Amino acid sequence: MKSAQKGFTVVEVMLVVAISTLIIFGVFGILQVSNRQLEVIHARMTLQEGPREALFKMAQEIRQTAWHKIVSFEDADENGLEHSSSINFVVPVPNPDPTYLVDGNYTPKWASNIEYKLDGITHQILRISTNLTTSEKKQAVLANEITSLEFSRQTSTPGLITITAHAQRQFQDGRKIPDEPIQMIAQAETRNP
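With the numbering used here as the guide, the letters of the sequence shown map in order to residues 1 to 193.
Note that these hints are calculated values from the structure, not bench results.
These numbers come from a predicted model, not from an experiment.
Keep in mind that the hints are not guaranteed to be accurate.
[What the hints assert, rightly or not] In the DSBU-like style, the derived pairs of lysine-lysine whose C-alpha atoms are separated by at most 35 Å in a straight line are: (1) 57 to 109; (2) 69 to 137; (3) 57 to 176.
Could you build the full structure based on these sequences and the hints that come with them?
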């Protein structure tokens, strides 16, 4: 008579441990990839918010000036396109009293000098406002994670300003989201004489 042995052999136990380990590492690998994908999706969604708001704010203020009050453009290229990495212009007095907004010749009374530029070290769009009466300066950050900022206009239509910004997020581990910066464009037409 043969006796039947009960239990598992060492080979069977080792095989179960190996298969379980592979399954656990596979699950953790999938979770890591999913977590990175979630980070990428979240970064792309939030990356566009700040620059879009900044472009909207810049376009609003550019609309308040006159085309001849913009002083920061360089000479035009062969296509008649002027470029600048910053823009400097004046805005009128923000007073609701219509008798105070213009002088006797019906030209606007200018209140502040506004400058928009990119800080290359911090990758921020800066707004520097100088009160023309008191010379007081105020600085504000409009957007973060900006890789480039450009203002342009055609010499044939100097009142139509195109603002182009590129945004990209860099994580601490060196990854950049997205691989190529996101380009956002806004246009504003100056409305004052």
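Check the structure against each numbered hint from earlier and tell me which ones fail, lowest number first. Going through the list in order, the structure violates no hint and respects every one.
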